[in-house]
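Colleague: This is what each chain is made of:
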Amino acid sequence: MSSRRSRSRQSGSSRITDEQISDLVSKLQDLLPEARLRSNDRVPSSRVLQETCNYIRSLHREVDDLSERLSELLASSDMSSAQAAIIRSLLM
Amino acid sequence: MDHRFVVAVQAEEDESVRQQQQHQQHLVRERGRRIKAAAELGLARSSGGRRWGRALGRRALLLRKDPATTAAISPSVGSQEEAKQGKVMEAEAGEEEDEEVMVEEKVELLRQLVPGGEAMAVERLLDETADYIAALRAQVGVMRALACLLSGLGSTPEKEASATLEKPL
Chain U
1 MSSRRSRSRQ SGSSRITDEQ ISDLVSKLQD LLPEARLRSN DRVPSSRVLQ
51 ETCNYIRSLH REVDDLSERL SELLASSDMS SAQAAIIRSL LM
Chain W
1 MDHRFVVAVQ AEEDESVRQQ QQHQQHLVRE RGRRIKAAAE LGLARSSGGR
51 RWGRALGRRA LLLRKDPATT AAISPSVGSQ EEAKQGKVME AEAGEEEDEE
101 VMVEEKVELL RQLVPGGEAM AVERLLDETA DYIAALRAQV GVMRALACLL
151 SGLGSTPEKE ASATLEKPL
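Heads up: the sequence lines are chains U and W, in that order.
Numbering of the first sequence is given in UniProt numbering, commencing with residue 1 and proceeding in unit increments.
Numbering of the second sequence is given in UniProt numbering, commencing with residue 1 and proceeding in unit increments.
The set of hints was computed from the structure by calculation and includes no laboratory data.
Nothing here was measured: the structure is a model prediction, and the numbers come from that model.
Watch out, some of these pointers could steer you wrong.
Claimed, not checked - Covered by chain W, per the in silico footprint, the following chain U stretches (three or more residues, Cβ under 8 Å): (1) 22-34; (2) 48-61; (3) 64-71; (4) 74-81.
To be verified - Pair by pair, the computed Cβ-Cβ distance ranges are: (5) U/I86 to W/R137: 19 to 27 Å; (6) W/A121 to U/V43: 20 to 28 Å; (7) W/Q10 to U/S89: 45 to 53 Å; (8) U/D23 to W/R54: 20 to 28 Å; (9) W/Q21 to U/A82: 42 to 50 Å; (10) U/D18 to W/H26: 49 to 57 Å; (11) U/K27 to W/G152: 23 to 31 Å; (12) U/V43 to W/V17: 53 to 61 Å; (13) U/S80 to W/V6: 29 to 37 Å; (14) U/S81 to W/Q25: 57 to 65 Å.
Where a beta carbon is used, it is the ideal one built from N, C-alpha and C, also for glycine.
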């Protein structure tokens, strides 16, 4: 066993095996939208993890864009205070 | 009327309009930031006690108090993330064939993306990631629906809009 492997895999009292990581990673693979990964081929864990990172980043960007869009819509909309209260309760 | 006088007044009016526009844009951006902080707080509260939820909640409260910390701690600033990724990849470029090393690299990237990820063991990080992704998707769904609803409000008369929202359940 290389020293790098034992250092990096320690997690408190138990050591996680490569197999356990593969299992967890394949569960992540199921969460990714189909366009990102063809799941019929065997995909290396590193690739699944990279796609997971890309997916999370794109979700973050979408939240940023939607926040801006909502801000503009709120600026231009003609709304009563009752309607504003409903919107607020949906967000919180 | 004196021509120079008219030109001077026009220039002042133009400048005033420009300043108003800038101010408006600033207000819109500020509101966008507050909306995002509120959405993150909502997301954190719906996490059911998950670690990523608690970490996100702490961060969202910080953002609310002091917008100046946004640049320092927000992970969703695209250029910061890409710069970090660039550094990690440069360091490990010589060992690209080693799958194990690649996995390590990608795990590190993931740590930076999932709130609280830096403090977690790998197996927990992967578990939290799955939950975090599901919650992010739900958040995006709610925000999209809200945006649809609001853009509908903008184009219909006030009466119709209020009738739609306040319909008894």
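Colleague: What hint numbers does the structure not satisfy?
Modeller: Of the numbered hints, 9, 11, 13 and 14 do not hold.
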